[in-house]
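Asks: Each chain is listed here by its residues.
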Amino acid sequence: MNLYQIIAIVISAIILGSIYALIAVGLSLCWGTIRIFNFAQGALLMLSAYLTWYFAVSLNMLQFSYLVVIIIICSVMFGIGLVLEKVLVEPIIGRSNIVVLAILTTLSASIFLQNSVLLIFGPRSKQLPKTIEGVAKFGGQVIGYHELLIVVLTLFILLGFRFFLKKTKVGMALRSVEQNREAALLMGINVSWVYSLAFGISTLMAALGGIMIGSIYTLTPTIGEAPLLKAFIIVVLGGLGSFEGTILACYVVAIIEAFSTYFVGLFWSPIILFALMILILILRPSGLLGEAE
Amino acid sequence: MRSLLLEIQELSVWYGEFEVLRNISLELRSGESIGLFGPNGHGKTTILKTISGLLRPKGGNIFFKGKNINGLSPRERVELGIIQVPQGHQLFPRMTVLENLMLGAYVATAWRKRKENLEKVFSIFPELEKKKQQACSTLSGGERQMVAIGRGLMGDAQILMLDEPSTGLAPKVIEKVIEVVRKIRDLGQSLILVEQNAEYVLDLTERIYLIESGEVVAKGVGQDLLSNDRIKEVYFGRVGG
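Sequences listed follow chains P and Z, in order. Number 229 in our numbering belongs to position 229 of the first sequence; there are no gaps in the numbering. Number 210 in our numbering belongs to position 210 of the second sequence; there are no gaps in the numbering.
Okay, chain P solo, but in the shape it has when bound (with noise of 0.2 Å):
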């Protein structure tokens, strides 16, 4: 193993940390403000895809750009995750049992919408198209055009929400709910509004992630569950509820996996990396950044 493997080995892990970072932000979203844990992400990542497929490829929008497809899904994407949370959510806030109900309902409309998938474009796998053809070359190593761009996109999203979070009168009122649901009402913010947003970001988030991991791997009804399952592993080690701990977690996550996919064997990596957030929260039980309530 030389200097060159291990450079590539990286590169392929922040690709995949990329990816993962959008489906993470967007659980650790929805269990930091509604206190549930989103199973359906997975599933709106694949439907993102699928639905991009038939605007981009079927109704041969490519030919407008891109950017026109992206933007008509994740318009549509946003307003679906709205949708859902009515569906899936609002009848169960204030449940003493939330935590399992909400389990149960998003499996069942990730069930649901896999199937509903698999009905609507048949078994047969499909790929989306790059964003840009196209390599660049540097230092004997060669990174897609297109895999650039999900790195360095995945980075300004990143840090635009963070600067809405943190900064916008909105971004404030998302956070209030987080840390103190009763006072965030005491100041007259709309609490179930504040819900919806939070499911709709999430569900925004999956979608960017569709687009990206549509393009890099075939396109299966299942095709969210594993970076749905790394998520998990993500939100949890990098602290619930910690934006920048989730952050970190998903390159940490990332990395182990493209270097134990590379050593050990793909079918390992899973159970090195649940081996490896046991072991955190053995040591962290509040995750990396997270901290103990």
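Facing chain P, from chain Z, some residues (calculated, C-beta under 8 Å):
| id | residue |
| --- | --- |
| 1 | S52 |
| 2 | G104 |
| 3 | V107 |
It should be emphasised that the hints constitute simulated quantities derived from the structure, not laboratory data. Just so it is clear, CB atoms sit at the ideal spot from N, CA and C, and this is done for glycine as well.
Fit chain Z to the supplied structure of chain P, relying on the hints for placement.
Replies: Frame of chain P, contents of chain Z only:
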């Protein structure tokens, strides 16, 4: 006579099968300060939560400036200026002092006046201005209570409801909090003060309602009420116990 700001008529509130408030009636006039006094766990906080709209009454009515507000959401009540400073301050711990204060002005009506209200808050609490960029989790208990009261004032309060602002604080710090509440009262702020300590409630309010087992068992001007046997029992019972 000062105009009637808040009028509560025969309010009853239930937690599941338990009636926690029974036939509560009280009134607050503009610029007045009233105290809700009584032992712990007898419904004082529940009254405030019902006024804020966090709890729905089973019976009775709440009027604000003559208008029935029973059907309004907590948000709509905050927009009217009905502001509660909850017990144990309930801040947003991972936000700065300034962010906490700004969230106090979240609703559109208060948001428009946020600059002048912030100046007012900093003039009452000069020490908060120095610490405005500090996370609230790093503040002392007294400072947290100051932020909570300041956040309430940011809501452009018509009625400010303070739920036991002295709880859990050292005696010296309590003195400071009481001083601030007196200052706010003297600025003409209409106040509802929930307190367990008779000394503070007598000092700070014009009239007192004695709440026991979810009912108003006595009401009146503080000094008169103190000669009442019942209030003596509650007051001295607590001190003696």
